[in-house]
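K.L.:
The lines below spell out each chain.
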Amino acid sequence: MGCLEALKPQVILSQSSFKEAREYIKKNVREYHEVEPGYKIHDVHIIGVPPLYVGVEGEHLIFPYTKPCHGTFVVKVAGGEDIARLRARKK
Amino acid sequence: MTENDEKTALILLGCPQVPVQTSMALYLVHGLRQQGIRPVIAGTQAARKLMEVADPDRHYVLEMTDLDAAIDEITGKQRDFDLCFVFIHNDSGVAYAGTVAYISKARVYALLFGEHAEELAGEIEFPCEVVAAKAVHNPMPLKRKLDKVMQWAVSKR
Chain A
1 MGCLEALKPQ VILSQSSFKE AREYIKKNVR EYHEVEPGYK IHDVHIIGVP
51 PLYVGVEGEH LIFPYTKPCH GTFVVKVAGG EDIARLRARK K
Chain B
1 MTENDEKTAL ILLGCPQVPV QTSMALYLVH GLRQQGIRPV IAGTQAARKL
51 MEVADPDRHY VLEMTDLDAA IDEITGKQRD FDLCFVFIHN DSGVAYAGTV
101 AYISKARVYA LLFGEHAEEL AGEIEFPCEV VAAKAVHNPM PLKRKLDKVM
151 QWAVSKR
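From first to last, the protein sequence lines are chains A and B. Note that the numbering used here numbers the first sequence so that position 51 is 51, with each residue one more than the last. Note that the numbering used here numbers the second sequence so that position 123 is 123, with each residue one more than the last.
Hints in this document: simulated from the structure, not taken from any laboratory. Errors might be hidden in some of the hints.
On the chain B side, residues computed to face chain A include the following (Cβ under 10 Å) [unchecked claim]:
id : residue
1  : CYS15
2  : TYR27
3  : THR44
4  : ALA47
5  : ASN90
6  : THR99
7  : ILE124
Small disclaimer: the values here were computed from a predicted structure and weren't measured. Every residue, glycine too, gets a C-beta built ideally from N, C-alpha and C.
Let the hints inform the model, and build the full structure from the sequences given.
P.N.:
Given below as structure tokens:
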């Protein structure tokens, strides 16, 4: 997972479609925010067709991560300052 | 979109699992250059290596870049393109095409191929021109459809 690997992600959903990843976050994460395609978390761009969601769970972010050969994963990583940045976005 | 007004095209290559991708990408790059359009290829490392090996003297291939680096440059407003061709044979390809359609001002062409080209075409719900053909090993079905879409093919007949 390239630079995401360094964040030691917990993989919640593997090799799904971006739509399945979207639905998973919407149904299973209480706090989620809509972001635009290309939105950056740490050094990773969110890839997909709107609407795209990034979830917040405690100190962690949950988001879809798309690999060209292996589909979309839902991953959970430490959120750090990105949580505040996400919450501060215009609705 | 370059400083001297030369038109540019981004060619997004997905996973090179389906054989026709490299052949069609070289054909597309050739056609674009004949039209005076500068092609920039973005893809996975394997997809780029296939292009490099197929065109060792760089007769067709000019600039190549990493897929994520290209997305980064467009979202960072450092660069954009006039045209963008996205090679799609799986769900990830649709996701990348949807992203480019959103972040870039380029006219987007979704080139769908592989066993499930038609089904994947049905998943496209964003503005772009769809070119779909069930082509896995033989590029001709996709080439014929691309020829119909692209001006250079028309002008050469």
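K.L.:
Now tell me if each hint is right for this structure.
P.N.:
We went through each hint and held it up to the structure:
Interface restraint check for B:CYS15: the shortest CB-CB distance to chain A comes to about 4 Å, inside 10 Å, so the restraint holds. With a least beta-carbon distance of about 21 Å to chain A, the hint placing B:TYR27 at the interface is violated under the 10 Å criterion. A least Cβ separation of about 5 Å between B:THR44 and chain A falls short of the 10 Å threshold, and the interface hint therefore holds. A hinted interface residue such as B:ALA47 counts as satisfied when its beta carbon comes closer than 10 Å to some beta carbon of chain A; here the least separation is about 8 Å, so the hint holds.
Against a cut-off of 10 Å between C-beta atoms, the interface hint on B:ASN90 holds, since the closest Cβ of chain A lies about 7 Å away. Because the closest C-beta pair between B:THR99 and chain A is about 4 Å apart, less than 10 Å, the hint holds. With 10 Å as the threshold, the beta carbon of B:ILE124 comes within range of chain A, its nearest partner Cβ sitting at about 8 Å, so the hint holds.
The structure fails hint 2 only (numbered hints given earlier).
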